[in-house]
Amino acid sequence: MVEAGTIQTIEVTVNGEKHRATVASRQLLVHFLRDSLAMKGTHIGCDTGSCGACTVIIDGRLTKSCMLLAPQADGAEIETIEGVAPDGQLTPVQEAFHEQHGLQCGYCTPGLVMAATFLLRRNPDPTEDEIRRAIRGNICRCTGYVNIVRSIASAAAREAA
Amino acid sequence: MLLESVAYARPESLAEALQLLGSSDSAAPLAGGQSLVNVLKHRVAQVEVLVDISRLDELRGIEVSSDGALEIGACVTYDELDRSEPVRSSQPLLAHVAGHIEDQQIRCRGTIGGNCCLSDPTNNLPPLVVALDATMVIESSSGAREVPARDFFHGYFATAVGEGELLRSIRIPSLGSGTGAGYSSVAVGADSKAIARAAAVVRANGSIEEARVVLACVSPAPLRHAGMEEALRGSQPTAEAVSDAAQRIGDDLEPLGDVHGSAEYRREMARVVARRAVLQAIATGGGQRG
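Going down the list, the protein sequences come from chains A and B.
Just so we're aligned, residue 619 is where the first sequence starts under my numbering, counting upward by one.
Just so we're aligned, residue 89 is where the second sequence starts under my numbering, counting upward by one.
So that you can see chain A by itself, here it is in the shape it has in the complex (with noise of 0.2 angstroms):
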C-alpha cells in the first residue's frame, strides 16, 4: 500500500521539459512553477482560485495551479505561458492581445492567454457569448474585459484565415 507522506517526490513534463522533484505534500503548484522552477509568467493573484491569473493547461484540463498541491500535478503535461510560444514567435493569441490592446497593466495576462489558447483548441469559431464564459474564470481589473474579447475574436479569425 502507498504511505501517506508529508514529504513526496513528482515527476511533471513543463513544456516539454522533464523535472523530477522532492516537494512538501502542502506545496501549491504555482509555487512549485514559480519558486522551484523559476518560471515566473505564471502569476499568483489572489491566492483563493478566484483571478485566474494562475491559470496553465494541465493534461488538457485548464487549471488555476493555486487551487492544485504540487504532488497531485506527478506524471502530468504541464503547458505554461513559457511555453506557449517555444521559438519566440507570437501565436496568433498572444498578436491578437497585441494588435487590439487586450492588456493593459499585463498582470492577469498570462492567465487570459492559456484561457484563450484552451478555449480556441476546443472551439475554433467561439461566438462573443462562448468567449465571455471561456474567460469567466480570470479577472482583469484594467480593461474591462471589451478588448480582451475582441482579441480573442480576432485571434480565432486569424486561425481560421
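No wet-lab data here; the hints were simulated from the structure.
Each residue gets a CB set at the ideal place from its N, CA and C atoms; glycine is no exception.
There's no promise every hint is true.
What the hints assert, rightly or not - Derived DEER-like restraints, expressed as beta-carbon distance ranges:
{"hint": "1", "chain 1": "A", "residue 1": "P742", "chain 2": "B", "residue 2": "R321", "range": "46 to 52 angstroms"}
{"hint": "2", "chain 1": "A", "residue 1": "H719", "chain 2": "B", "residue 2": "R143", "range": "38 to 44 angstroms"}
{"hint": "3", "chain 1": "B", "residue 1": "L344", "chain 2": "A", "residue 2": "E713", "range": "47 to 53 angstroms"}
{"hint": "4", "chain 1": "A", "residue 1": "Q722", "chain 2": "B", "residue 2": "S230", "range": "55 to 61 angstroms"}
{"hint": "5", "chain 1": "A", "residue 1": "T640", "chain 2": "B", "residue 2": "D208", "range": "31 to 37 angstroms"}
{"hint": "6", "chain 1": "B", "residue 1": "S280", "chain 2": "A", "residue 2": "T640", "range": "34 to 40 angstroms"}
{"hint": "7", "chain 1": "A", "residue 1": "E629", "chain 2": "B", "residue 2": "A278", "range": "34 to 40 angstroms"}
{"hint": "8", "chain 1": "B", "residue 1": "R171", "chain 2": "A", "residue 2": "H637", "range": "26 to 32 angstroms"}
{"hint": "9", "chain 1": "A", "residue 1": "H719", "chain 2": "B", "residue 2": "E298", "range": "55 to 61 angstroms"}
{"hint": "10", "chain 1": "B", "residue 1": "G252", "chain 2": "A", "residue 2": "T640", "range": "30 to 36 angstroms"}
{"hint": "11", "chain 1": "B", "residue 1": "S93", "chain 2": "A", "residue 2": "Q722", "range": "56 to 62 angstroms"}
What the hints assert, rightly or not - Which stretches of chain A does chain B cover? Using the computed rule of at least three CB atoms under 8 angstroms from a CB of chain B, they are:
{"hint": "12", "stretch": "622-628"}
{"hint": "13", "stretch": "635-645"}
{"hint": "14", "stretch": "660-667"}
{"hint": "15", "stretch": "680-694"}
{"hint": "16", "stretch": "745-755"}
We have chain A; now place chain B onto it with these hints.
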C-alpha cells in the same frame, strides 16, 4: 499561500483508498480540490492526511445500463458531464447545469461527487440529483450500500457518507416518457453563487401526474416541497396552474438571510425559481399547454 503541513497519498485502488481513510481520524478524500484546497489554505478544517481519489478508475466512469439509467463515478468532473454524449442524450439538463458551474477551470477539476459530498446548500448539483431521484452508492471496506439522494443530504456540510466510507457513484434513472426536468437559479452573477435554486421533474399526460419540486439555498439541505408537489398533482400543465401551486411555498420556509439576500427575499425567489423549474420540466417533457 502556505497550507498547514499535511500528508498526501495517492492510492491505486478504491480498497486502498478506504484503508488510508480509515488509518487516521483526520484523513480526508481529495477529489477535484476546488473547495477543499481553499479550506486548507484558510485552515478551517483539521486535515492530517489527504487521500487523492481523483485518478481512481473505479470512480471515473460513466456507464449506461440497459434500462437507460446512468451510473456516474464520483470523480467525474463537471466538464466531463457537460461533454459526455450519454449524459447529453439521456440527461441533457444535468450536462447543462454542470456546464454552467462557475468557470472553465473549476469545471475541469470539480467533481459530481465532491459537489454532493461537500453539501454546501448553495451547490448546484444536490437539488438536481434529488429531483432526478438518483441513488447514491456508498462504498466502505465492508461493501457497498445505496442511499436515495433525498436521504443523502443531512444539512450544512453533512451527508449520509460516514467515517470510513466514500461516495462511489451516482445512479440516475432515465426520465421516461412524458417526463421532463427543469432547473432555475437566482444567482449573484452569471454562473455564480446562488441565492435561490429549484430543480423539478414533472410527468404529465394531459394533466400533471407526478411532480418533484426541490428547493435549495433556503434550508440546510435540498428540500422537496410537498405542498407545491401536491398542488401540482392532477392540475393542468399551464403557467397559471403552476403559478398558483408555487404560492404554496410560504412561511413554511425559514431561509437564512445573508449579505446576498434577506430571508424574505430568498423565500420570494424560491417561489419564482420553483415556478420556472416546473414550467421548464413541463416544456421539456412535452406536456406544455397554453
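Hint check results:
1. P742/A / R321/B: 46 to 52 angstroms: 49 angstroms, holds
2. H719/A / R143/B: 38 to 44 angstroms: 42 angstroms, holds
3. L344/B / E713/A: 47 to 53 angstroms: Because 50 angstroms falls inside the window, the suggested range holds.
4. Q722/A / S230/B: 55 to 61 angstroms: 59 angstroms, holds
5. T640/A / D208/B: 31 to 37 angstroms: 35 angstroms, holds
6. S280/B / T640/A: 34 to 40 angstroms: Given about 39 angstroms between the Cβ atoms, the range holds.
7. E629/A / A278/B: 34 to 40 angstroms: 39 angstroms, holds
8. R171/B / H637/A: 26 to 32 angstroms: With a Cβ separation near 30 angstroms, R171/B and H637/A satisfy 26 to 32 angstroms, so the hint holds.
9. H719/A / E298/B: 55 to 61 angstroms: 56 angstroms, holds
10. G252/B / T640/A: 30 to 36 angstroms: 31 angstroms, holds
11. S93/B / Q722/A: 56 to 62 angstroms: Because 39 angstroms falls outside the window, the suggested range is violated.
12. 622-628: holds (count 4)
13. 635-645: holds (count 3)
14. 660-667: holds (count 3)
15. 680-694: holds (count 10)
16. 745-755: holds (count 4)
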